[in-house]
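Whenever a hint applies, use it, and build me the whole structure from the sequences.
In order, the protein sequences belong to chains A and B. According to my numbering, the first sequence holds residues 2 to 473 in order. According to my numbering, the second sequence holds residues 2 to 473 in order.
Calculated from the structure, these hints are not laboratory results. Predicted, not measured: the structure shown is a model, and the values here were computed from it. Treat the hints with caution; some may be incorrect.
[What the hints assert, rightly or not] No farther apart than 27 Å at their CA atoms in a straight line, the calculated lysine-lysine pairs in the DSSO-like style are these:
| # | chain 1 | residue 1 | chain 2 | residue 2 |
| --- | --- | --- | --- | --- |
| 1 | B | K344 | A | K220 |
| 2 | A | K340 | A | K376 |
| 3 | A | K344 | A | K406 |
| 4 | B | K220 | A | K344 |
| 5 | B | K95 | B | K64 |
| 6 | A | K462 | A | K376 |
Protein chains: 2
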Amino acid sequence: MQDLENLFRPRAIAIVGISSNPTTPRRDRFLTPLLDFGFEGQIYPINPKGGEISGLRILPSIKDIPGAVDYVIASIPAPFCPQLMRDCIAKGVKFVCSYASGFSETGEEEGIALEAELAQIAKSGGSRIIGPNCLGTYCPEGHISYRSEFPKESGPVGYLCQSGGNSIQLVQMVAPRGVRFSKVVSYGNACDLSECDFLQYLTHDPDTEIIALYIEGVKDGQRFINLLTEASKRKPVVLLKGGCSMAGAMAVSSHTGALAGNNAIWDALCKQLGIIRVHSLEELGDMLVTFLFMSPVRGRNMAIVGIGGGASVLATDDCESVGLAVPPLPLEIREELLKFTPKAGSSVRNPIDTQVILSEPNWFLDTVRIISSWKGIDLVIVLVGPIDVFPSYIGKQSMYGLMVKAMLEASIASAKPVAAVVQPGIHPEMYNDMFGAQQEFASAGFPVYPTMIRAAKAIDKFISYHQRKKLS
Amino acid sequence: MQDLENLFRPRAIAIVGISSNPTTPRRDRFLTPLLDFGFEGQIYPINPKGGEISGLRILPSIKDIPGAVDYVIASIPAPFCPQLMRDCIAKGVKFVCSYASGFSETGEEEGIALEAELAQIAKSGGSRIIGPNCLGTYCPEGHISYRSEFPKESGPVGYLCQSGGNSIQLVQMVAPRGVRFSKVVSYGNACDLSECDFLQYLTHDPDTEIIALYIEGVKDGQRFINLLTEASKRKPVVLLKGGCSMAGAMAVSSHTGALAGNNAIWDALCKQLGIIRVHSLEELGDMLVTFLFMSPVRGRNMAIVGIGGGASVLATDDCESVGLAVPPLPLEIREELLKFTPKAGSSVRNPIDTQVILSEPNWFLDTVRIISSWKGIDLVIVLVGPIDVFPSYIGKQSMYGLMVKAMLEASIASAKPVAAVVQPGIHPEMYNDMFGAQQEFASAGFPVYPTMIRAAKAIDKFISYHQRKKLS
Numbered sequence: 002m003q004d005l006e007n008l009f010r011p012r013a014i015a016i017v018g019i020s021s022n023p024t025t026p027r028r029d030r031f032l033t034p035l036l037d038f039g040f041e042g043q044i045y046p047i048n049p050k051g052g053e054i055s056g057l058r059i060l061p062s063i064k065d066i067p068g069a070v071d072y073v074i075a076s077i078p079a080p081f082c083p084q085l086m087r088d089c090i091a092k093g094v095k096f097v098c099s100y101a102s103g104f105s106e107t108g109e110e111e112g113i114a115l116e117a118e119l120a121q122i123a124k125s126g127g128s129r130i131i132g133p134n135c136l137g138t139y140c141p142e143g144h145i146s147y148r149s150e151f152p153k154e155s156g157p158v159g160y161l162c163q164s165g166g167n168s169i170q171l172v173q174m175v176a177p178r179g180v181r182f183s184k185v186v187s188y189g190n191a192c193d194l195s196e197c198d199f200l201q202y203l204t205h206d207p208d209t210e211i212i213a214l215y216i217e218g219v220k221d222g223q224r225f226i227n228l229l230t231e232a233s234k235r236k237p238v239v240l241l242k243g244g245c246s247m248a249g250a251m252a253v254s255s256h257t258g259a260l261a262g263n264n265a266i267w268d269a270l271c272k273q274l275g276i277i278r279v280h281s282l283e284e285l286g287d288m289l290v291t292f293l294f295m296s297p298v299r300g301r302n303m304a305i306v307g308i309g310g311g312a313s314v315l316a317t318d319d320c321e322s323v324g325l326a327v328p329p330l331p332l333e334i335r336e337e338l339l340k341f342t343p344k345a346g347s348s349v350r351n352p353i354d355t356q357v358i359l360s361e362p363n364w365f366l367d368t369v370r371i372i373s374s375w376k377g378i379d380l381v382i383v384l385v386g387p388i389d390v391f392p393s394y395i396g397k398q399s400m401y402g403l404m405v406k407a408m409l410e411a412s413i414a415s416a417k418p419v420a421a422v423v424q425p426g427i428h429p430e431m432y433n434d435m436f437g438a439q440q441e442f443a444s445a446g447f448p449v450y451p452t453m454i455r456a457a458k459a460i461d462k463f464i465s466y467h468q469r470k471k472l473s
Numbered sequence: 002m003q004d005l006e007n008l009f010r011p012r013a014i015a016i017v018g019i020s021s022n023p024t025t026p027r028r029d030r031f032l033t034p035l036l037d038f039g040f041e042g043q044i045y046p047i048n049p050k051g052g053e054i055s056g057l058r059i060l061p062s063i064k065d066i067p068g069a070v071d072y073v074i075a076s077i078p079a080p081f082c083p084q085l086m087r088d089c090i091a092k093g094v095k096f097v098c099s100y101a102s103g104f105s106e107t108g109e110e111e112g113i114a115l116e117a118e119l120a121q122i123a124k125s126g127g128s129r130i131i132g133p134n135c136l137g138t139y140c141p142e143g144h145i146s147y148r149s150e151f152p153k154e155s156g157p158v159g160y161l162c163q164s165g166g167n168s169i170q171l172v173q174m175v176a177p178r179g180v181r182f183s184k185v186v187s188y189g190n191a192c193d194l195s196e197c198d199f200l201q202y203l204t205h206d207p208d209t210e211i212i213a214l215y216i217e218g219v220k221d222g223q224r225f226i227n228l229l230t231e232a233s234k235r236k237p238v239v240l241l242k243g244g245c246s247m248a249g250a251m252a253v254s255s256h257t258g259a260l261a262g263n264n265a266i267w268d269a270l271c272k273q274l275g276i277i278r279v280h281s282l283e284e285l286g287d288m289l290v291t292f293l294f295m296s297p298v299r300g301r302n303m304a305i306v307g308i309g310g311g312a313s314v315l316a317t318d319d320c321e322s323v324g325l326a327v328p329p330l331p332l333e334i335r336e337e338l339l340k341f342t343p344k345a346g347s348s349v350r351n352p353i354d355t356q357v358i359l360s361e362p363n364w365f366l367d368t369v370r371i372i373s374s375w376k377g378i379d380l381v382i383v384l385v386g387p388i389d390v391f392p393s394y395i396g397k398q399s400m401y402g403l404m405v406k407a408m409l410e411a412s413i414a415s416a417k418p419v420a421a422v423v424q425p426g427i428h429p430e431m432y433n434d435m436f437g438a439q440q441e442f443a444s445a446g447f448p449v450y451p452t453m454i455r456a457a458k459a460i461d462k463f464i465s466y467h468q469r470k471k472l473s
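Below, the structure is given as structure tokens:
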């Protein structure tokens, strides 16, 4: 196994293609994140013109670096990359991340030849390449990142992403819901180091408990299948395959130069190995939230509890549409609930539509305690409606806040696992509160989803995954 | 046909169950929206205790109202409703909206009997009932609303909604995307006036061009089918059926006391009549946006244009997954684009991933002009990525603003219809800008969606609807 440790915890980094000219756009795109993450090793900015940036002297060339360098980020146009690779080999650099595009993904002879040349140089010398056409690595523990906005804290998700943009979007999308990453790799065209190398690394990485994949195509199918088999035995693997349609496969070839492969084969492979296949970044994020925060669920019987009759009707349809059950509560449980739940305007059958929260929050706590104690329920789904829909009689925000507080306390008191659906509001001035509610549930360790159908789909896949594990 | 005009444009309204005590929660829930909407007729608050509210004198009883009253909103507990109905009949009131729940939806003898009594009184006298267990009517032209936050402007959508909460959620959800309503009715248990009466009205209402339905159950199936047949001949009808699963059907009975009916029958009915069936409020909203703002599309060939390789790969998969095509642009078009599009970091094949917007916005305009002129394209989908994903080198907000401005100008210059996908951002401080971008596209008359898959599903259904119309 290739030791990729230095990719995630390099001791010194050089950034080639930085500029001392403050008007050059995005000149600091790779430097600033390292500074913001408090990268602890040496950082060497490189540009033949020299100068200074962020208090660091810009060296003219890799050769001029005084000490050792593990990792070089190459932010220079494609045609300059082969020479840089040679310099890196001469310097004893372990890894080079090539940001530039203009290689095989152009579909043109020149770019294809350039990429082949890069790969050839890597093979002949001691330096390995990530990319080209990629953003490189993010590892909070190594204080390395290509985005300042990424969370500074580490977590158990390892994420291989062939697309730089899709890596940024997922990491930021799930951050408010509590998902944190051990390592993220944006690896682009994969001319040398490939999804296989990274997958093998994450499979054995003790900091990685869940593996997320966005893959457009693989180069060595058999090796990949072998590695995926090994990975899926050890850790949950969630896969988003880009380019699963005909036109999508063509788009893949223009994006990372990869061969997308046959969709049916991917489907069969996932089924066989128990890999959770998803079809959007949102769904990928939902699965990570679920694996991170959902306690093992014994069966498919859901209790849905919230405010709103129409909302709970649709929530029930959503659950049943993916094969989750919403069984009616038995008479004795209903009678217990009716001791404090007014008959008018409520339903205690399951879904439970109850407005007690508005009169006496403790009754909501009791509601969840009672329904979660019944043996016929495996999971409680708390439904927090959109903030704009609630009555404003005690001020919209405090009304919503009151509801969220009561629902969170009830979730903590539940005798069964809980999932929270915090629906987005519509008006910008209310967005902050909805966002805060999501974070409150996430901080308390609950899986949070923005809609019931997304929750239901993720919960269904989570339960199926564990059932399969049990049988195998 | 029952003349429901006074439900939407009453000359005078009485609100029964209002309180002069400022500590009574939600005591003004039906009054404040009327004041906020500038209701032009008389408003009579009613409570036996008398007093004053918002500068209006509270009368002890319906009988004490000096003039005529078309519409009475009853915000009093269920057991008081029959006597109120008798008073209303004596007073010659045309319509009574009963907000209270505690009727047949409780499933208990008492509530069922009370509802039957209400219906019986209505049938014997001259006053008709909406509800019980409902919020009544919203009609901007009539200055009548049950929510202050609803848009004050009128539009072409008529919306019948059996659930009050689902009526509020939809109206507010689609407002930023430009959807406005002629009439909305939240009609609850439908003990007297039913979905049939309202559907018949909307079918012939000159202010209503599109009919949206959220229905949990119907009471007179044959009449409803006849009316739906007539409605669907005249106007696009979009239907969200609540309670289409087994447990959902039981939830329906606890919510509005309705019989949900067989899901397969609803499906067959929709297919036969060319009614667009949807499965969530989000999808219902997407269809309204589409019918309101999408120009007739000749075929299923999409051009996808935006920034981001991975994003455009997934967007292409989303389109093809619902049967929309993303055909490759011919060589001559690509060559024209490559005159100003750098080969590295872009793809001009379709999907078009182009960063020219960042260097020269006019080139983006040219891009859309060129691709939309090609005969092989029927619709251009402009993909505005999440605000958090864009480089921050000229300040996040202005970067996003620059992009949105260029994309909007290009959309206006397009030779073919355009749909915009404006993806939500993640961080609250950026939400405002995303929201603004959505509104800019909507104001310019474009259909806007938050994700590509939602856009693709709505566009597919829109095209199928028009193809069917053409054939029939």
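Quiz item: Hint by hint, which ones does this structure get wrong, listed from lowest number up?
Solution: The structure conflicts with no hint, since it agrees with every one listed earlier.
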